[in-house]
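Asker: Chains as they are written, first to last, in my numbering: chain A, 1 to 417; chain B, 418 to 834.
Please keep in mind that the hints were generated in silico from the structure rather than gathered at the bench. Just so you know, these numbers come straight off a predicted model, no measurement behind them. Where hints are given, some of them may not hold.
As the list claims (entries may be wrong) - Within a straight-line C-alpha distance of at most 20 Å, the following computed EDC-like cross-link-like pairs (lysine to aspartate or glutamate) qualify:
| hint | chain 1 | residue 1 | chain 2 | residue 2 |
| --- | --- | --- | --- | --- |
| 1 | A | Lys297 | B | Glu428 |
| 2 | A | Lys171 | A | Glu199 |
| 3 | B | Lys714 | A | Glu308 |
| 4 | A | Lys225 | B | Asp778 |
| 5 | B | Lys631 | A | Glu11 |
Protein chains: 2
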Amino acid sequence: MTAELIAVGTELLLGNITNTDAQIISEGLSTLGINVHYHTVVGDNPARLEAALDIARSRADIIISTGGLGPTYDDLTKQTICKTFGRELELHQDILDDLKEWFLKRTGKPMTDNNIQQAMLPVNCTIFDNPVGTAPGCAFEEGGVHVLMLPGPPFECRYMFENRAVPYLKKLVGHSVIVSHEIRIFGMGESAVEDVLHEPMTRLTNPTLAPYAKPNECMLRATAKADTEAQAEAMLAPLVERVKATLGDVVYGVDVASLEEAVSGLLLERGLTLSAAESCTGGLIAKRMTDLPGASKVFRGGVVSYVEEVKSGVLGVPEDLLARYGAVSEPVARAMAEGCRRICGSDLAVSVTGVAGPDTDDRGNEVGTVYIALTSTEGTVCKKLSCGRGLGRDSVRMAAASNAFDMVRRQLLGLPL
Amino acid sequence: MTAELIAVGTELLLGNITNTDAQIISEGLSTLGINVHYHTVVGDNPARLEAALDIARSRADIIISTGGLGPTYDDLTKQTICKTFGRELELHQDILDDLKEWFLKRTGKPMTDNNIQQAMLPVNCTIFDNPVGTAPGCAFEEGGVHVLMLPGPPFECRYMFENRAVPYLKKLVGHSVIVSHEIRIFGMGESAVEDVLHEPMTRLTNPTLAPYAKPNECMLRATAKADTEAQAEAMLAPLVERVKATLGDVVYGVDVASLEEAVSGLLLERGLTLSAAESCTGGLIAKRMTDLPGASKVFRGGVVSYVEEVKSGVLGVPEDLLARYGAVSEPVARAMAEGCRRICGSDLAVSVTGVAGPDTDDRGNEVGTVYIALTSTEGTVCKKLSCGRGLGRDSVRMAAASNAFDMVRRQLLGLPL
Numbered sequence: 001m002t003a004e005l006i007a008v009g010t011e012l013l014l015g016n017i018t019n020t021d022a023q024i025i026s027e028g029l030s031t032l033g034i035n036v037h038y039h040t041v042v043g044d045n046p047a048r049l050e051a052a053l054d055i056a057r058s059r060a061d062i063i064i065s066t067g068g069l070g071p072t073y074d075d076l077t078k079q080t081i082c083k084t085f086g087r088e089l090e091l092h093q094d095i096l097d098d099l100k101e102w103f104l105k106r107t108g109k110p111m112t113d114n115n116i117q118q119a120m121l122p123v124n125c126t127i128f129d130n131p132v133g134t135a136p137g138c139a140f141e142e143g144g145v146h147v148l149m150l151p152g153p154p155f156e157c158r159y160m161f162e163n164r165a166v167p168y169l170k171k172l173v174g175h176s177v178i179v180s181h182e183i184r185i186f187g188m189g190e191s192a193v194e195d196v197l198h199e200p201m202t203r204l205t206n207p208t209l210a211p212y213a214k215p216n217e218c219m220l221r222a223t224a225k226a227d228t229e230a231q232a233e234a235m236l237a238p239l240v241e242r243v244k245a246t247l248g249d250v251v252y253g254v255d256v257a258s259l260e261e262a263v264s265g266l267l268l269e270r271g272l273t274l275s276a277a278e279s280c281t282g283g284l285i286a287k288r289m290t291d292l293p294g295a296s297k298v299f300r301g302g303v304v305s306y307v308e309e310v311k312s313g314v315l316g317v318p319e320d321l322l323a324r325y326g327a328v329s330e331p332v333a334r335a336m337a338e339g340c341r342r343i344c345g346s347d348l349a350v351s352v353t354g355v356a357g358p359d360t361d362d363r364g365n366e367v368g369t370v371y372i373a374l375t376s377t378e379g380t381v382c383k384k385l386s387c388g389r390g391l392g393r394d395s396v397r398m399a400a401a402s403n404a405f406d407m408v409r410r411q412l413l414g415l416p417l
Numbered sequence: 418m419t420a421e422l423i424a425v426g427t428e429l430l431l432g433n434i435t436n437t438d439a440q441i442i443s444e445g446l447s448t449l450g451i452n453v454h455y456h457t458v459v460g461d462n463p464a465r466l467e468a469a470l471d472i473a474r475s476r477a478d479i480i481i482s483t484g485g486l487g488p489t490y491d492d493l494t495k496q497t498i499c500k501t502f503g504r505e506l507e508l509h510q511d512i513l514d515d516l517k518e519w520f521l522k523r524t525g526k527p528m529t530d531n532n533i534q535q536a537m538l539p540v541n542c543t544i545f546d547n548p549v550g551t552a553p554g555c556a557f558e559e560g561g562v563h564v565l566m567l568p569g570p571p572f573e574c575r576y577m578f579e580n581r582a583v584p585y586l587k588k589l590v591g592h593s594v595i596v597s598h599e600i601r602i603f604g605m606g607e608s609a610v611e612d613v614l615h616e617p618m619t620r621l622t623n624p625t626l627a628p629y630a631k632p633n634e635c636m637l638r639a640t641a642k643a644d645t646e647a648q649a650e651a652m653l654a655p656l657v658e659r660v661k662a663t664l665g666d667v668v669y670g671v672d673v674a675s676l677e678e679a680v681s682g683l684l685l686e687r688g689l690t691l692s693a694a695e696s697c698t699g700g701l702i703a704k705r706m707t708d709l710p711g712a713s714k715v716f717r718g719g720v721v722s723y724v725e726e727v728k729s730g731v732l733g734v735p736e737d738l739l740a741r742y743g744a745v746s747e748p749v750a751r752a753m754a755e756g757c758r759r760i761c762g763s764d765l766a767v768s769v770t771g772v773a774g775p776d777t778d779d780r781g782n783e784v785g786t787v788y789i790a791l792t793s794t795e796g797t798v799c800k801k802l803s804c805g806r807g808l809g810r811d812s813v814r815m816a817a818a819s820n821a822f823d824m825v826r827r828q829l830l831g832l833p834l
């Protein structure tokens, strides 16, 4: 079965809000094994909504609308859908009585008349009562097409989808399930990944393997449809193993959200702690580590040494090293990491010093030149990056931080840096 | 003129991501006076994309596609648009050479052949070169319909829309110019702003005044259409003055990108420097300051003291203060700021210690309890925030950092904290 989502609301077309309802519903439909072929967004305009409905009914088995069920003059979804599908609206006295009571309780005033339209529903529909708002939703079938209407506010939409629409849809689809796993990759670009995995990516139909580019890294999603979750997992396991075997140690995790989450997991497993001395990344490594709840178990903190005096005064980088090699150099990166490990008392410390841009530094180091050092009981190692011109300041900083996390990961796993 | 956005990507239909590109572009088009009637989302499927394009060209003057310009087999937007509009693709050798150089520099390896399609562009198109990614965008006109193609990753899409598509579209919408000013507000919510400015927001048609909620703050955009820029500016000046007079010192800037940018400007003006001692914000203040190019002129660095030993050992917070009051307390916040100013040698230092969540701390401080201290030659001040339950970890951290910046701003301007 295929579905189309139609979001109704001029605020979406003006860019005031994002269509998060579409994500909530699409994710749920995917789990039910219902293929979504289109999302459409249309304003509070009956003629254009009618046109969108005519197109949708010609190409989808299920239409789910969000928004436009409320009491105001621009809430026209129900009326327009009923006109398009040739249904009458009828008043539900029990819903009207509930609404009146709700208003009196909530506001202390009698309900205004414009709310009556919320108690009007299509003849012969399934009513989706709404305990988290005032506008009920509903569903009906007409000419083989199922039409479901849900309220627009994301909180109401999510509740009504999960608790009202999903049970309705489950009866329609039987019981096939969809399961996905995300394979995270750092150190190999999307096109190189596709090059070595072209055959499973293009040939497979179930399970499937699809690539996604992320800032500084890429991700593969393996997805299987089956009758049960166990069957889907059994189909996915060999595919995930094959990808890992093909790509090797650039795969940093499966169903892990980020490099820092992978690093944090490894540190926790081994009972080790990390700290960071940051120059060009300016706190980004610390920020990314502490984005994770419970970070204090593995991350002790660090120093942002944005000027030389902080590198020498706080991190203890010898002034003659700074004078001789400049702040963007291997000896300084090493001394920063070692100083940071000492003052923060961590097991490992990572440091970053480089040129984020927009300009080259006073020693002529190009934008994107970054030194990353990592120190532990096993000594200190250092790596030089050339992120390349053309990358913006933000991208150089993100790339430097990600490379630092990858160095920590590789060190902890005994992989080549 | 009317526009339709077509986002291409199966990951949108699977609910893996939200269509934020549509919001970015819709907001920009609205400022240009271009009406958006529909958003469409379609998967990486040529037949369905072709159907969507046929519908769009029948009802819009401008079609903007996002996504599907990359190197992999499922990147089919350019090919499908060209097929639908009867255009050939041609190879641009200069783009290909740049791509090859980029790959060699970035990865140290030769470019894989699947990237060649990124150098293929429609015959007779306007090329949108992409300095923030590998896939260029483009635009052409066919039968009175303008088709613009932008990359899908939101950071690339935003850059390419603002710097490539907007100049192209400005020429289309004629010689009447549209000028906007963004009035930035911190410390007053969108609904409160709307309450005191309801009349100009609803009554004015040119110039207009529209509110936008942003994380932790809000923004008003004043927009005027006129024949010349000078006329538009003359229409805007009294409106902007009126808003500033009505809202008072919660307005932190006009056409300033962020609180940290406002703070950075004030520090630069006065020749002062700042440093930051961060506990719960974990580097976010430093990261936001150093997001700005040239930050080293005003920001010396700081310490992320995520565990107590770093607060005492590096920042010199007396251990008995930590033992007596706990890490989340006014005395510790004050000592952190003072220690940070001393070791970083800055004119001002700000500190943050609090509970970002998800759990209360071991002294029973609720999530969202944050102390912010600010120290300078004039002494030390401290402010307690209760960001409130119900806010997530990220929001508490963002709110704490923004409040810290606002304290610095108020101190520098002699406003009440």
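Asker: Look at each hint and say if it fits the structure.
Answerer: Hints versus structure:
For the hint pairing A:Lys297 with B:Glu428, the CA-to-CA distance comes to about 34 Å; that exceeds 20 Å, so the pair is violated. For the proposed pair A:Lys171 and A:Glu199, the alpha carbon gap of about 37 Å is over 20 Å, so the pair is violated. With a CA separation close to 12 Å, the supplied pair B:Lys714 and A:Glu308 stays within the 20 Å bound. Only pairs whose Cα atoms come within 20 Å are accepted, and A:Lys225 paired with B:Asp778 is rejected, the gap being roughly 44 Å.
Distance restraint check for B:Lys631 and A:Glu11: the Cα-Cα separation of roughly 15 Å lies within the 20 Å cut-off, and the hinted pair is therefore satisfied.
Of the numbered hints listed earlier, those contradicted by the structure are 1, 2 and 4.
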